[in-house]
Structure formats: C-alpha cells, structure tokens
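Chains as they are written, first to last, in the working numbering: chain A, 1 to 328; chain B, 1 to 328; chain C, 1 to 205; chain D, 1 to 205.
Covered stretches of chain A, going by a simulated chain C footprint (3 or more residues, C-beta under 8 Å):
#1 68-79
#2 96-108
#3 139-148
#4 196-202
#5 206-218
Just some of the chain C residues that point at chain A, by a computed CB distance under 8 Å:
#6 Thr26
#7 Asp34
#8 Gly38
#9 Ile72
#10 Val75
#11 Gly77
#12 Gly120
#13 Arg164
#14 Gly166
#15 Tyr170
#16 Arg174
Cβ-to-Cβ under 10 Å is the rule here; a few derived chain B residues that face chain D:
#17 Thr142
#18 Gly217
#19 Gly220
Just so you know, the hints here were simulated from the structure itself, not pulled from any lab data. Yeah, the Cβ is synthetic: ideal placement off N, Cα and C, and Gly gets one too.
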Amino acid sequence: MLINVPETVVADALRGMAAAHPELTVDVENRVVVRRDAPVAGKVGLVSGGGSGHEPLHAGFVGPGMLSAACPGEAFTSPVPDQMVRAAAAVDSGAGVLFIVKNYTGDVLNFDMAVELAEDEGLQVARVLVDDDVAVSDSTFTAGRRGTGATLFVEKIAGALADEGAPLERVEAVARRVNESSRSFGVALGAVTTPAKGSPTFDLPPGELELGIGIHGEPGRERRPMMTSGEIADIAVHAVLEDLRPDGPVLVLVNGMGATPLLELYGFGAEVHRVLSERGVAVARTLVGNYVTSLDMAGCSVTLCQVDEEMLRLWDAPVQTSALRWGR
Amino acid sequence: MLINVPETVVADALRGMAAAHPELTVDVENRVVVRRDAPVAGKVGLVSGGGSGHEPLHAGFVGPGMLSAACPGEAFTSPVPDQMVRAAAAVDSGAGVLFIVKNYTGDVLNFDMAVELAEDEGLQVARVLVDDDVAVSDSTFTAGRRGTGATLFVEKIAGALADEGAPLERVEAVARRVNESSRSFGVALGAVTTPAKGSPTFDLPPGELELGIGIHGEPGRERRPMMTSGEIADIAVHAVLEDLRPDGPVLVLVNGMGATPLLELYGFGAEVHRVLSERGVAVARTLVGNYVTSLDMAGCSVTLCQVDEEMLRLWDAPVQTSALRWGR
Amino acid sequence: MLDTDFFRRWMAATAAAVDREASRLTELDAAIGDADHGSNMQRGFTAVTAALERESPATPGAVLTLAGRQLISTVGGASGPLYGTLLRRTGKALGDEPEVTDGRFADALEAGVEAVAQLGGAKAGDKTMLDALLPAVGALRSSAGAARDAALAGALATVPLQARKGRASYLGERSIGHQDPGATSAALLVAALVEAAGTSGGGDA
Amino acid sequence: MLDTDFFRRWMAATAAAVDREASRLTELDAAIGDADHGSNMQRGFTAVTAALERESPATPGAVLTLAGRQLISTVGGASGPLYGTLLRRTGKALGDEPEVTDGRFADALEAGVEAVAQLGGAKAGDKTMLDALLPAVGALRSSAGAARDAALAGALATVPLQARKGRASYLGERSIGHQDPGATSAALLVAALVEAAGTSGGGDA
Ligand SMILES: Nc1ncnc2c1ncn2[C@@H]1O[C@H](COP(=O)(O)OP(=O)(O)O)[C@@H](O)[C@H]1O
Ligand SMILES: Nc1ncnc2c1ncn2[C@@H]1O[C@H](COP(=O)(O)OP(=O)(O)O)[C@@H](O)[C@H]1O
Ligand SMILES: [Mg+2]
Ligand SMILES: [Mg+2]
Ligand SMILES: [Mg+2]
Ligand SMILES: [Mg+2]
Numbered sequence: 001m002l003i004n005v006p007e008t009v010v011a012d013a014l015r016g017m018a019a020a021h022p023e024l025t026v027d028v029e030n031r032v033v034v035r036r037d038a039p040v041a042g043k044v045g046l047v048s049g050g051g052s053g054h055e056p057l058h059a060g061f062v063g064p065g066m067l068s069a070a071c072p073g074e075a076f077t078s079p080v081p082d083q084m085v086r087a088a089a090a091v092d093s094g095a096g097v098l099f100i101v102k103n104y105t106g107d108v109l110n111f112d113m114a115v116e117l118a119e120d121e122g123l124q125v126a127r128v129l130v131d132d133d134v135a136v137s138d139s140t141f142t143a144g145r146r147g148t149g150a151t152l153f154v155e156k157i158a159g160a161l162a163d164e165g166a167p168l169e170r171v172e173a174v175a176r177r178v179n180e181s182s183r184s185f186g187v188a189l190g191a192v193t194t195p196a197k198g199s200p201t202f203d204l205p206p207g208e209l210e211l212g213i214g215i216h217g218e219p220g221r222e223r224r225p226m227m228t229s230g231e232i233a234d235i236a237v238h239a240v241l242e243d244l245r246p247d248g249p250v251l252v253l254v255n256g257m258g259a260t261p262l263l264e265l266y267g268f269g270a271e272v273h274r275v276l277s278e279r280g281v282a283v284a285r286t287l288v289g290n291y292v293t294s295l296d297m298a299g300c301s302v303t304l305c306q307v308d309e310e311m312l313r314l315w316d317a318p319v320q321t322s323a324l325r326w327g328r
Numbered sequence: 001m002l003i004n005v006p007e008t009v010v011a012d013a014l015r016g017m018a019a020a021h022p023e024l025t026v027d028v029e030n031r032v033v034v035r036r037d038a039p040v041a042g043k044v045g046l047v048s049g050g051g052s053g054h055e056p057l058h059a060g061f062v063g064p065g066m067l068s069a070a071c072p073g074e075a076f077t078s079p080v081p082d083q084m085v086r087a088a089a090a091v092d093s094g095a096g097v098l099f100i101v102k103n104y105t106g107d108v109l110n111f112d113m114a115v116e117l118a119e120d121e122g123l124q125v126a127r128v129l130v131d132d133d134v135a136v137s138d139s140t141f142t143a144g145r146r147g148t149g150a151t152l153f154v155e156k157i158a159g160a161l162a163d164e165g166a167p168l169e170r171v172e173a174v175a176r177r178v179n180e181s182s183r184s185f186g187v188a189l190g191a192v193t194t195p196a197k198g199s200p201t202f203d204l205p206p207g208e209l210e211l212g213i214g215i216h217g218e219p220g221r222e223r224r225p226m227m228t229s230g231e232i233a234d235i236a237v238h239a240v241l242e243d244l245r246p247d248g249p250v251l252v253l254v255n256g257m258g259a260t261p262l263l264e265l266y267g268f269g270a271e272v273h274r275v276l277s278e279r280g281v282a283v284a285r286t287l288v289g290n291y292v293t294s295l296d297m298a299g300c301s302v303t304l305c306q307v308d309e310e311m312l313r314l315w316d317a318p319v320q321t322s323a324l325r326w327g328r
Numbered sequence: 001m002l003d004t005d006f007f008r009r010w011m012a013a014t015a016a017a018v019d020r021e022a023s024r025l026t027e028l029d030a031a032i033g034d035a036d037h038g039s040n041m042q043r044g045f046t047a048v049t050a051a052l053e054r055e056s057p058a059t060p061g062a063v064l065t066l067a068g069r070q071l072i073s074t075v076g077g078a079s080g081p082l083y084g085t086l087l088r089r090t091g092k093a094l095g096d097e098p099e100v101t102d103g104r105f106a107d108a109l110e111a112g113v114e115a116v117a118q119l120g121g122a123k124a125g126d127k128t129m130l131d132a133l134l135p136a137v138g139a140l141r142s143s144a145g146a147a148r149d150a151a152l153a154g155a156l157a158t159v160p161l162q163a164r165k166g167r168a169s170y171l172g173e174r175s176i177g178h179q180d181p182g183a184t185s186a187a188l189l190v191a192a193l194v195e196a197a198g199t200s201g202g203g204d205a
Numbered sequence: 001m002l003d004t005d006f007f008r009r010w011m012a013a014t015a016a017a018v019d020r021e022a023s024r025l026t027e028l029d030a031a032i033g034d035a036d037h038g039s040n041m042q043r044g045f046t047a048v049t050a051a052l053e054r055e056s057p058a059t060p061g062a063v064l065t066l067a068g069r070q071l072i073s074t075v076g077g078a079s080g081p082l083y084g085t086l087l088r089r090t091g092k093a094l095g096d097e098p099e100v101t102d103g104r105f106a107d108a109l110e111a112g113v114e115a116v117a118q119l120g121g122a123k124a125g126d127k128t129m130l131d132a133l134l135p136a137v138g139a140l141r142s143s144a145g146a147a148r149d150a151a152l153a154g155a156l157a158t159v160p161l162q163a164r165k166g167r168a169s170y171l172g173e174r175s176i177g178h179q180d181p182g183a184t185s186a187a188l189l190v191a192a193l194v195e196a197a198g199t200s201g202g203g204d205a
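The shape of chain A in the complex, shown without the other chains (with noise of 0.2 Å):
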C-alpha cells in the first residue's frame, strides 16, 4: 500500500485534496470537504459521507451541480456525527440541508445522530436513504439493501436541482426518486486490502469470483469460476432487471470497483449494453469509470436508474466537482 501508517491515510488524503483542489475548502483536522462558496444563498446544502476508500465518492463530488459537502470516515467506517453537523453548518444558507445516507448501519445511526444534533442547533435536515444493491435481500433478516453505485445518481440529480434553487422537500422527494429507480449489482475478481488489516479481507484465487458483493471488501453471496466479461454482464444485468423492470430508457453506471483497468471496463461496458439491448430497455445515458470503488478490489458493478424527463434533464445539468464534469 501507498501510504505512511494506517492511522493517518485519511488525513494525508485530505492534505493532497487541499493542495490539488484550491475550489474546496479542506478541514483536515474535522474531515469536512466543503465547496470554497458554500453556503451558496438560498440553495439547499447536500451533505453526503461515508467510510473512506470509495474515492472519488464523496470528496469528489463536490462541487456546483452536485454535493455542498462531504465528511470522510476512516476507511470502510462510517463517519462520526461530529463531522456532519460541521458540514451542515457550513453549508446551510439557511434553506435548509439535504443529508444523503448510503444505507449501512455505521451510516444510518452516525447520521442519525447528527440529524438530531443538527436539529438541536436550529438548522432544518431531512434525510434519505440509498438502498440499490439487488445482492441483498431487503428483509428483516438483514440490514436492508446496501447504498452502492445509485449514490452517484442521486447526488448529481438531487445537486442539479439544489443548484436550481428548489425547495429543501422538492430536493429531498427527487432523491428519493432517483434511489427508488436505481438498482447495482456487483461482482468482485479479487478482493480488498484495508489500510487497517494490511492483507486481503478474504481470500479470492485468481480462477475465481464474487457474485454479488458490496462496496467495504465484504465477501459477496456467491463464489463460482472465472467467467467472461459477457457472461458477468448477463448476470449483472439479469439481477437488476428482475428488480427494476423499467419501461423507459435508464441511465447505465458501468463502474469499477478500483483496480480494473478502463480497458477492461469499456469493453464490459459494450457487454451490459449487448445485454440491455437483448432485453429490449433503452439506454439514455452510460457512464463508464471508477467511480463508487472498494479500494484496490478489482472488479466492477452496473448501476441502472430509470429516468423521466425531469431527472434527465437534471442528469445532463452542468457539473463541476474533481470527479464528475461537463457542461457550461
């Protein structure tokens, strides 16, 4: 691993993000990345965090069009609740702060806590869930569906309607709807080496793969024999359509989970379009990188969100954060 000691990956982190990105605002010692112009007047602030090691997710997707601002945790743990009543402060406008939780357990109750903490200092904060991953059951035999690539969605969605300067519920009601019309699934071909642990969290041969899993190195549901590309493509994306049966064109995330090259991804990513075609749904838009990842997991997932008019048109917006741009 590149790093100095484990205890100070996230704040070494945080120094390199000062130094390489004058437009945020850096608090290494609180972990708040905020957008330099926050709080933007009159525009509802978006706050998202997470455990680190899924970069670019969140530090980078701040900016104009998507988040206000992002608290970084350890890797892989949920941020504390501390940080995220400091970035809500920071980026209220007094239009109040959309909070965007992906729904782990670490994530549900640190935020949890901060709402009410938040609340407690005056400020106005609604809350919701990111929940797409098809790989687990959403039961009471389990913590309910992991937040995995929809959060991108919902975060360059909900930001381009922020930026307009919709209200806080209009804001809050169009992230739902993005979550609700987002499902991932995610297959891991080796697995994760935490800062923390040092060497791989399980132990994956290279003739083999994980169907199914999450985003935090966690072992998935299934284990089975090398495939091909096209054949982790069918699936993917059969999973997710026995979920989400869209009857309209949907937004594709082909994303990679942190260690397959771009090559590799590209050419999935002309799998997953041969599949959607078979099973004719129409894609809008794709998206093809490394964008919600597992540290050096190598990997990928397909994320699909049915879209209507207005969440295209919020999709295509302008946005300008480290991670995601075009537009303008």
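Since chain A is already given, all that's left is putting chains B, C and D with the ligands on it; use the hints.
Just chains B, C and D with the ligands, lined up with the frame of chain A:
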C-alpha cells in the same frame, strides 16, 4: 481479468467507448477514435496512439482542446501505421497533422512508417517524441528515455494551442517545449497482468517495490523493501529534480498506475507537495488521478513540467474529453 | 460499593484489552464484515483514555457518559453509536452519586443494553454484540466473574448463528461459522469488569 | 532452385512454429520486456497465412513482400516493422523471378537483415533479433541447417548480454541472464527454412 478472450480486448473496449461516447466516432474495425466534429476547419490535427492498457491515455483525451484522434494498439503493443494514416486523414483539415509519439522502439518505428505513408498521400505531418522518464538514462546504451506522464501535458497544451488555430510549426514547437520541460519517475507496488500472458509479468512480493518502472509491466531498475508514501515521494521527486532544475513554477501530475486507490494517491500527492516545498519548488497546478496507467499495476508516478505563462494559459484552457474536462 | 475509580479502571482495562486484541477483532470482521472493528475500537478507547485523563470526571456516571460521548465522536461505524450509547445510557442511569452499589450498576447496565437493542433494532440471536451483552447483564446480578463467563459464552455461541443485523447479514448463510466481532469485543468489555475489581473484587467478586 | 512454393512453405512452417512457441516467447518478453512478443508474432503470422491463401502471390519475391506488408499492418510493436521490413526487403531483393538459387536467396536475406539493422539502429551484441539473424545470414551460404544452428546459437548467446536496444535496454544490467525474445523468434524463422526444404532439402540441405 474482466475480459472475454485476450484477442478481442481492444475491440471490446472500443465497442464500449462507442456505446458510452456519442461525441466520438469510434471505428472499431480499424481501431481509430476520432472526435465527431473532425476535421475542424483550419485546425491542426493532433493524433496520438500507442499500445492499449494505459487508459484513459490516449482515447480518453480525444475531444475539443486536446487530441483530434487516437490509435489504440493491442495491449502494450504499438499500433500499426495503417491506423495512424487513417487517423491523420480523418482529422486533417488542410492545416496539417501532428503525431505525438511516446519514445518506445515500436511506437517510433510504426509512427515513422506512418509519416512516410501519410506524406505519400499528400498530408503534411510533423512528429514530436515524448521522452520524460528519468529512470532510463538517455544514452546510446538504451532505446532512450521512455514517454510516460508528460504525454498528458504535451497532449493537453499542444491541443489547446491547436484549438486556438495556431499553425503546425507552432503547435509542434510547444509540444516539444512541454516535453523538454517535463520529467517523470515511476514506482510499482505490484506487477501487471496482461491479457496475453494472463499472470503477473514479474513477481513482486507484497513487502517489496520496484523503483523506476515504466508503463508496460517491465520490471524497474531496482527492487527495495516497502517504504512509506513519504519515502517514495522523496525518491521520486528527487530523481525528477536531479534532472529538471526548475527556476519557476511547475505543473504536477500525481499519477496512479491503475490499481492504486485514489485515497492513497491523494495522500501521496500531499507528500509530493511536501518534498517540492522543501526543495523550494513552486507548484502552479496539480492533477491527481489514474491518467497514464499500466493496466492493473499498483503504484504511482510523478511528473513535473516547468511552465511559462503561455504553457500555463494553455493548460488552463477549456478541455472537453472523456477523461479530462474543465473550463468553458 | 463501586467508586469512580472502579469505573476508570474498567475503561482502562477495556482499552488495554482492545489494544491487545485489536488485530484479532479486525480479522474476525474481515471474515464477515469489513475488517475495521479492531481499529475502530482501538481508536475509540484511545480517545476515552485521553478524555478521562484530561477531564477527570468526578462520579461513576460522569466517567461512563464521558466515555460514551468519546466513542460516538471518534469511532464511527456501527460500533461507535452502539457502544457509545451503551456507556452513555449506563452512565446516565447511574445518576451523579459518588459511589454505586453492585445492584445499581447491574440495573444501569441493563438500561444501557436495552438502549443498544432499541437503537440498533437487534434481538438475541441476531449475531451481534447483544449476544454477549444480554447474558452478561443477567449474570452480573450474581458476580462480575459470572458476567464475564456469560459474555464469553455468548460471544462463542454466535459462531453457528446466521447474522440478521449489521454488515454480516449481507452474507446470508455464509455468515454462519464465524464468531461475531462485536460480540467478541463486548466480551472484552465485560471481562474488563473483573480486572477493574482487582484482587479484592477478582475471581467471583 | 527455390520456387514460390518453397517460400510459401517457409511462411507456413514459421506460422506453425510461432503458434507452438507463442507462450514461451511471451514468457521471455515478460522477463525483460512487456509480455507480448508471442501474441504479436502469432497475430502477424496468422495474417500472413490468410493473405497468402487469399492472394496466391506468384513469385518468391511476391510471397515475401506480401508477408512483410502483412506483418507491418497487423503486428505493431517493435517486431512488426522490423520483421515486416526483413521480409519485404528480402522479397524485393529477390525480384520477380519464378525461382531463385540458394545463393540469390542468401544475398537477398542479407539485404533484408541489413535493412533491419538500419531501421532499428542495432548492432551485433545489442541483444536483439539481429543476434540470431546476422550469424544465420553468414551460415546460409553453406546450408539451411547451418543457418538454423547459427541462429539458435546466436539466440542462446543473448542470455549473458546486456540489452542496448528495445524495451529490454530499460533494465540495464537486470537484462543480463535472460534470452532475448526477438532473437528466439528469429531462430524459429530461420529453423523453418529447414522444414520448408522438407525431406528433399532437409538435414544439411
Ligand atoms: N444493529 C445492530 N445491533 C447491535 N449490534 C450491531 C448491529 N449492527 C452491527 N452490530 C455490531 O457491530 C459490529 C461491527 O462493528 P464495526 O465493525 O466496528 O462497524 P461496521 O460494521 O460499521 O464496520 C458487529 O460485529 C456487530 O456485533
Ligand atoms: N532496435 C531494435 N533492433 C532490432 N531488434 C529490436 C530492436 N528493438 C527491439 N528489437 C527486438 O524486438 C523484440 C521485442 O518485440 P516485441 O515484444 O514484439 O515488441 P515490443 O518491444 O514493442 O513489445 C526484442 O526482443 C528484440 O529482439
Ligand atoms: Mg466499517
Ligand atoms: Mg509491446
Ligand atoms: Mg466493521
Ligand atoms: Mg514486447
């Protein structure tokens, strides 16, 4: 590996690019990626290319403000002259074409053949070599310095000048100036697995690293026990500064080799900044990310480019490619 | 009677145990979670130790509420709010007396454990820290040693369970056969009570 | 006399040898290069085979110039232009006679090898394909078998050399101790001459 069969890796990736990027014309059969609006009247065409496996280099840098076209070869194998001639013909508006060539025997020989063939077809073609890697001594005992991270600087800055309508000689001159002002040094923390070989190209145990690696999975000049991010930054930056003695501000590329998490890369970036400030070198701009990669190699490289005012203005100029975008 | 110093010793003994066992906790978490439980607990109890030294709280209740607040502010993850709530609620239930009886402490801990159950929504058998905490609370009525044994037994008994809460639940049946990291750290916390009681309160004290 | 069919057989035997040895060539290239030499050669000679079938060139010279053009258009890398130039220049030097003498062929191959040296700027001892090709050209004056042996000896003799051209040169002294992949494939090309000569021309023919 996330592939179908090794033989179709490049074609599969190009199909994926075609599906994801309507703003590009992707000729999958002939392996040429061209910006859709080419040829742009009165503009010098910029063509680059090289072996695949370095994505987003080069195809990810095709678009307004950067390359006009890219020719991807097989993984780590230079493309063939036919591709280059085809690309040149597609982007030539009568203002001539500049080939940007990384200094490897294969790339040089194939591009040289392409220059001859293109001139036979009546095109005006110039060629600039990128050779920035200080790990290789530039002597008659080697094939000369390798072209690595500086390629991004050359393509961006020359691309911006071409977009301003400058004539071929000036675009060629600035490209050459950027190359002469740039130096790089790379470190591997893990080996590469190429599609053709299917297993790591060299054996690098977890507790060791290779100093002075290139971007093709070749072993480096020296193997050492694992070091901290700060120690690696010391070695890499000092190696660069031993050769480039900047008396003005520099552009900094903190580049990931493919499998190094952005979290670690930003932390490394902080250490690079520390060393530069210790050495009294002013930083004009910093770019952190996986831009000039080596498939799934873990590791990083540092490229510095001393900039004058014109170069900095051209660096800051708008760019609209899939992997690098800003401005406008 | 248990005085303020007893509770400081409890936190100190827990911090030491967590330091000692951190990599094992992380290993357990790697198998069915995300490989951070050891470092999470270590970060939290390092902060607890520092805060107790800095602020010298004067009552048993103040020791635990301060410790709980530290955990909430420094741990993150699932365990931060849960352990933080456990100690804060236990501390609050102790009120501000300078000394408390064993029975009063057992009541307070029960309130703390109930708060954990409420916050996380888990029940006995869900393969969480509660599987060590719930039996410990019952046994603490007889002695700290009994609580320690019950917590350890509870932690070991998580091995054959299928997880229904937290990250491990994502694994479904693949979570079976592994010991829950949170139940394991909870057993360390309870065992530290015996150490805190020292020679005087040791053994079955 | 060597007729058109001899040269087709030469190319076919080379294609077969390259297929057989592809993964070994790639292994050798992994050690001091970029692990693609086997697949490069395979792609090239597969194209050569297809082109020869498609276009049925009528003279020895036409067989080799067509083969060379295919290599240039399909291989890429350093070996594509170099091997492509080797065959093209050899073919051009053969002119358009329908049959050529052994001596004429040896002269032509010498011209081809010289063109490789000129294009790549390498000399004997630089640890490249030339270290197999140069001795082979000399030995071909006596027989194909002698050329084969000389090429193989030349390839083996690259092991102790330090590379001064191509990717392997980046390794400096670390390139010592490995056999050059291009010299190894060049030895296959030369050995294929013996096969092409068949039983009639076999042995020392
Ligand atoms: N809902 C819950 N109720 C009680 N305990 C839980 C719950 N969810 C998780 N835990 C406990 O937390 C432990 C994991 O803690 P930790 O690894 O620090 O956090 P995270 O899961 O966020 O990485 C689990 O082993 C389990 O004992
Ligand atoms: N300048 C040169 N002159 C002659 N042969 C060379 C030269 N450079 C490289 N070669 C040969 O090419 C071989 C490598 O070919 P290949 O692996 O296909 O291309 P690349 O090096 O571009 O990956 C080397 O083993 C060497 O024999
Ligand atoms: Mg965690
Ligand atoms: Mg190559
Ligand atoms: Mg954990
Ligand atoms: Mg090679």
